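From first to last, the protein sequence lines stand for chains A, B, C, D, E and F.
Numbering-wise (UniProt numbering), the first sequence opens with residue 1 and increments by one.
Numbering-wise (UniProt numbering), the second sequence opens with residue 1 and increments by one.
Numbering-wise (UniProt numbering), the third sequence opens with residue 1 and increments by one.
Numbering-wise (UniProt numbering), the fourth sequence opens with residue 1 and increments by one.
Numbering-wise (UniProt numbering), the fifth sequence opens with residue 1 and increments by one.
Numbering-wise (UniProt numbering), the sixth sequence opens with residue 1 and increments by one.
The hints are simulated quantities; they were obtained by calculation from the structure and are not laboratory data.
Model, not experiment: these values are computed from the prediction.
Each hint should be verified, as a subset may be incorrect.
[To be verified] Straight line, CA to CA, 27 Å or less: simulated BS3-like cross-link-like pairs of lysine-lysine:
1. 53(F) to 53(D)
2. 81(B) to 81(A)
3. 81(E) to 23(F)
4. 149(E) to 81(D)
5. 53(D) to 81(C)
6. 81(D) to 53(C)
7. 148(F) to 81(A)
8. 81(B) to 23(C)
9. 53(B) to 81(C)
10. 81(D) to 81(B)
11. 53(C) to 23(B)
12. 53(C) to 53(A)
13. 53(F) to 23(A)
14. 81(D) to 53(E)
15. 53(D) to 53(B)
16. 23(F) to 53(B)
17. 106(E) to 23(D)
18. 23(E) to 81(C)
19. 81(E) to 81(B)
20. 81(D) to 81(F)
21. 81(F) to 81(B)
22. 81(C) to 81(F)
23. 149(F) to 81(A)
24. 81(B) to 81(C)
25. 53(A) to 53(E)
26. 149(A) to 53(F)
27. 81(F) to 53(E)
28. 23(E) to 81(D)
29. 53(A) to 81(F)
30. 81(E) to 53(D)
31. 53(C) to 81(A)
32. 53(C) to 23(E)
33. 81(B) to 53(A)
34. 81(F) to 81(E)
35. 23(D) to 23(E)
36. 53(B) to 81(A)
[Stated by the list, open to error] Pair ranges (Cβ atoms, derived):
37. 104(D) to 241(E): 32 to 40 Å
38. 2(B) to 81(D): 50 to 58 Å
39. 154(E) to 55(A): 29 to 37 Å
Cβ coordinates follow ideal geometry from the N, Cα and C atoms, glycine included.
Protein chains: 6
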Amino acid sequence: MSRIDGRTPEQLRPVTIERGWSKHAEGSVLVSFGDTKVLCTASVTEGVPRWRKGSGEGWVTAEYSMLPRATNTRGDRESVKGRIGGRTHEISRLIGRSLRAVIDYKALGENTIVLDCDVLQADGGTRTAAITGAYVALADAVAWAQAKKIVRAGRRPLTGTVAAVSVGIVGGVPMLDLCYEEDVRAETDMNVVCTGDGRFVEVQGTAEAQPFAREELDALLDLAVGGCTELAGLQRAALDTVLEK
Amino acid sequence: MSRIDGRTPEQLRPVTIERGWSKHAEGSVLVSFGDTKVLCTASVTEGVPRWRKGSGEGWVTAEYSMLPRATNTRGDRESVKGRIGGRTHEISRLIGRSLRAVIDYKALGENTIVLDCDVLQADGGTRTAAITGAYVALADAVAWAQAKKIVRAGRRPLTGTVAAVSVGIVGGVPMLDLCYEEDVRAETDMNVVCTGDGRFVEVQGTAEAQPFAREELDALLDLAVGGCTELAGLQRAALDTVLEK
Amino acid sequence: MSRIDGRTPEQLRPVTIERGWSKHAEGSVLVSFGDTKVLCTASVTEGVPRWRKGSGEGWVTAEYSMLPRATNTRGDRESVKGRIGGRTHEISRLIGRSLRAVIDYKALGENTIVLDCDVLQADGGTRTAAITGAYVALADAVAWAQAKKIVRAGRRPLTGTVAAVSVGIVGGVPMLDLCYEEDVRAETDMNVVCTGDGRFVEVQGTAEAQPFAREELDALLDLAVGGCTELAGLQRAALDTVLEK
Amino acid sequence: MSRIDGRTPEQLRPVTIERGWSKHAEGSVLVSFGDTKVLCTASVTEGVPRWRKGSGEGWVTAEYSMLPRATNTRGDRESVKGRIGGRTHEISRLIGRSLRAVIDYKALGENTIVLDCDVLQADGGTRTAAITGAYVALADAVAWAQAKKIVRAGRRPLTGTVAAVSVGIVGGVPMLDLCYEEDVRAETDMNVVCTGDGRFVEVQGTAEAQPFAREELDALLDLAVGGCTELAGLQRAALDTVLEK
Amino acid sequence: MSRIDGRTPEQLRPVTIERGWSKHAEGSVLVSFGDTKVLCTASVTEGVPRWRKGSGEGWVTAEYSMLPRATNTRGDRESVKGRIGGRTHEISRLIGRSLRAVIDYKALGENTIVLDCDVLQADGGTRTAAITGAYVALADAVAWAQAKKIVRAGRRPLTGTVAAVSVGIVGGVPMLDLCYEEDVRAETDMNVVCTGDGRFVEVQGTAEAQPFAREELDALLDLAVGGCTELAGLQRAALDTVLEK
Amino acid sequence: MSRIDGRTPEQLRPVTIERGWSKHAEGSVLVSFGDTKVLCTASVTEGVPRWRKGSGEGWVTAEYSMLPRATNTRGDRESVKGRIGGRTHEISRLIGRSLRAVIDYKALGENTIVLDCDVLQADGGTRTAAITGAYVALADAVAWAQAKKIVRAGRRPLTGTVAAVSVGIVGGVPMLDLCYEEDVRAETDMNVVCTGDGRFVEVQGTAEAQPFAREELDALLDLAVGGCTELAGLQRAALDTVLEK
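Isolated chain A, as found in the complex:
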């Protein structure tokens, strides 16, 4: 039973994680899941938003966006429309929550890290690629802040690792890491965010064509946990290489 692109149901697309993509950002990663390419940059600034001042705690947030021609047909720019769409809001919030799940605000101190995830090319799974890449950019930014003493000596703002993957039921078969064509045809679509030790940060499942049963849900969760574990390994490998910048 082979898929559109020849993969087995439980197989990820080829994943690459290219660190140090940008000369300006404190952390930057060009991540690709197959033809999906997302540029993730992490920007560190001292200080926190007003509502958090004086708390001694830091903040991590994210913004997701797609270039107009990242997709098959050109989409209007949200800057030109003058408003952020619901989908963009939703994904930005998801990425932010996912990364905050592995942040110790106290250890970060009153500093802010903004993750910008800009989709350069889309082929399904842009939000999960974004989370997976943004984690690596975040790790680089945290290391930078530690080296610069912006984070106090001995503090470890990162409490774990986080990665994400999509799963879905296509033609009755639960599959890992859907590409766009599979995503369009999926009866059920789920995005799962896991920590490196296999626990859940987010589970978002949606019945596209028809409601799904508990067993289907269980099968999808199994696939997703496997995929996230594999991605955690790739993140670790990427971070283990020495980055010359």
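Chain A is fixed; fit chains B, C, D, E and F onto it per the hints.
Chains B, C, D, E and F alone, transformed into the frame defined by chain A:
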């Protein structure tokens, strides 16, 4: 082990579903889950959005909003701010998807039903109360459209029923239908939308304080399915009474 | 000469004023003038807008809005359109000015009270119902602030009472408190805001179909003063009951 | 008892009405009430807004605005702020309603006239100067449309004339046509729009400092009718001169 | 070889510079280049934008706008559209840069001058008329600030004079100061801003119909420098007269 | 006399033009001028904007944007701010005009090509890199449209080539293709757009620190023409390679 308001972990708050609340709307329900009160109106219009014209298929969409003082401290109006916030977008989209899961577009014909869910008073679980109430308003609106022959004779646009409930882990204990105070303290928070026959339409779980394990997820799903089944019974009972309008 | 709904020309619709509607707001009233229902909440916050800081004086303001399906056909949400319409602006400003006419800013101290008037169901006269209900919510909020010592002991921020009613000439006959159907057919339409002692706070008369003569204006003013006096009695009665909250 | 600028209470400021100010517009007037100067242009376009198409009836509307430094201290541009303020909306609507009161839509045919009233310099009474000047620009635009046969032969779209003036109680004395300094100190402020035959189109009275009694209201209405009659004479005189363009 | 309006190719239109047009602004000029009329006001405020605080340096900025019926057909107001168009942005920025070229920020001290350039009537060359007039309003505002001791004694914030003119190639002939009809037909269009001593502040040339050669560019620059020199003389003459205000 | 990065004054930075970067767009180029990297995509759609329908002519337009962390410090997203800034507008318009200078609308037929130029990394000269890269993407898109018969056989929509470069005076020395650090210190800054045959499409020079003399302008124009000629050669070379896609 009793809760803040004396309930057991697997107990819903008192739920009321008041049909025919508005004299203008084709369907209207004032739903309450404890102190959470949401006014749900269903508006039927002939015709569909431009992108759907000529398809022979209908459309169902939803808009969620909160009155500024529905909450404990007053929030700014989104109309005054000039933009819809991310949370509002996200919930509006969730309600729309949930209701579309039980709609047969072909049977509806080229008609549009808009569900407006306005939170008059908030005490946790506003989105799940909104979905549960909106389903009943939708059912009334569909019946109205059938009676007015806007939906063709013999067509049944509703393919099932849908209800929603929140679950969460508070102080280590999985609980059903969190009130605001529980929600704030929850380590994990999940919203589950089910059809009347116990299948899933949406599952959205978020680790608030720390990632959750598979067994916790399973316990929460069990609780949620039970709650939705109970709500489906209350919806049925509400729809079975004769509405004099 | 009887009206659409059987009233005499100088008769108000049935008016109800339900205090303590909301568990969160410092003052809250569900007011109805016949089928027109407006939820009025008063929110007290310590401090004043920037331009008033250090003056020792308080501020009272109002925001008016209509639920999308408060009316016979659904209107687009102003939050979705991204801008407040002229009518909404105009009515919000009218309500604010009307309530400020009975406020002693010095006695209020540097505190702000915001009145939110949300029309749940509309059948003509929504702005006059809003003013009449908002006054009662304001009175409750002031009493709350006095009890909480936010307003200094001995200070009386309220200098009088205020109510409002619409009048108009329909089929050549001056009438009090127009319902929607009468309003649509009115040749002249006037909203009058009076204090409890029968003086004017606002007079806004508009020729809809044709200009009106001085005698017609005089007859409308007579009717309006009578209506406001009656409403002042209903406000007093509502405020005289003990509110258990 | 003389006023700030030496006038008697029932005296208008010097009023000038300069027709044909603009080379482009179908009607254009630079009107001044003392130091208040408003440029009013009338633009004729064939066709009507969508909601009026096929009715055989025309439309007249108005937009009011102030240059940023028309006033004593510079105000931010509404175009830069990205939204029209409540006051601007309110005045634009008032001007539009006032002019529509003397328009026969059927006679106008499916044509639209837009009146732009831009305040070049403000010294109180900008909305009343705008209405008074805009009427003259409208009359010129209607004459132009008749000459161009855009309005059918024999049709008379104008059913009368309209002018406006402010009145107020300052230091206990009812006064006509307040300048800015008087306006700021007025206890009561009223704008009155009358037809040339002395009937009312709009009456908008507001208690600024304290509620006003019926006798005060009556005195103000008397003053306003006198002022509007005088303005109607000036409009007639301006329109009687031959305009060389 | 005579032009549409009888001028020679190197001839300016009749230029008038009327100072002291507004009673409120610290500097104000009604400038006309033929039928193009722009009202330029200069507003002085103590203090500077946040990003410049504490620098000891002042700021000068400009906003350009057109009245809706300044042109042959009515344009929508940018305030109503809710956004500033690209052309408006571009011209506002150009005017601001041009004036800042002759400002010594240190000498100005922490004060801000805003130039508002509102086109009352347009017939080509509105941006160049705006710069030329705004310089004179700026000079008056600086003199006012010196007289009021807002600028410290002995400081000279103006380091020179600045004027602007359009040039273009119409029908193969390089021409100075294009009117609208010439502008529309121009193959190449250039706006040049010069100081009074003949050096360049801005050069903006655009090929409208086809790319232009170096010799054409040179001819246009020659014409423009001549025009700016003539305008500088007119500015000086205007500023040399005694302004009674 | 060597520059910050070792170049001579008349030397370009290393320029790369990578065609076929995106799998979706009809033309796509990743262009780099040193560390400045811009992704240019060309999107072809049949049909033209409403104002051009029925003309038989096509349309070409451009949108420029910068990723938030393309620069040294993070900038707010314009989509989040809800409005396009003046600089963005200005550059988008410049790119559009530059490309339209080499388009024959008739030959293009009623088709639209949108060029999206997104700056991934900025180091000065982003607009000139964008124009240079966008031309190549445009050429690929036109070839695609010809191959797909969207452009009629025998028609040649491209009438020439176009490239752009910045020049400036830094420390008194005229220099070609400024990097960010040079740009910041430049006394005069100019962007020049030329066709492949050395004629001018746009010339935009701005005095940053002080006005510039005619000889300086002449020296800058000489440098720019040389740079554009060199860029035209690189564009030709890039287009001459066979693109496998």
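Given pair status - residue 81(A), residue 149(F), alpha carbons within 27 Å | violated, 32 Å
For the pair supplied as a hint, residue 106(E) and residue 23(D), is the alpha-carbon distance within the 27 Å limit?
-> violated, 44 Å
Lying within 29 to 37 Å: is that true of the beta-carbon distance residue 154(E) to residue 55(A)?
-> violated, 50 Å
Between residue 53(A) and residue 53(E), is the straight-line Cα distance small enough, at 27 Å or below?
-> holds, 22 Å
Sort out whether residue 53(B) lies within 27 Å of residue 53(D), counting only the CA atoms.
-> With a Cα-Cα distance of about 23 Å, the restraint between residue 53(D) and residue 53(B) holds, given a limit of 27 Å.
Distance restraint between residue 53(F) and residue 53(D), which requires alpha-carbon spacing of 27 Å or less | holds, 22 Å
For the pair supplied as a hint, residue 53(A) and residue 81(F), is the alpha-carbon distance within the 27 Å limit?
-> holds, 23 Å
Is it true that the CA of residue 81(E) sits at most 27 Å from the CA of residue 53(D)?
-> Holds - the C-alpha atoms of residue 53(D) and residue 81(E) are around 23 Å apart, at most 27 Å.
For the pair supplied as a hint, residue 81(F) and residue 53(E), confirm whether the alpha-carbon distance does not exceed 27 Å.
-> holds, 23 Å
Would the pair residue 81(B) and residue 81(A) pass a check requiring their Cα atoms to be no farther apart than 27 Å?
-> Holds, because 17 Å separates the two Cα atoms, which is no more than 27 Å.
Would you check the hint for residue 23(E) and residue 81(D), treating anything up to 27 Å between C-alpha atoms as holding?
-> holds, 25 Å
Would you check the hint for residue 81(D) and residue 81(B), treating anything up to 27 Å between C-alpha atoms as holding?
-> At roughly 12 Å apart (the allowed maximum being 27 Å), residue 81(B) and residue 81(D) satisfy the hint.
Checked against the numbered hints given earlier, this structure breaks hints 3, 4, 7, 11, 13, 16, 17, 18, 23, 26, 31, 32, 37, 39; the rest are met.
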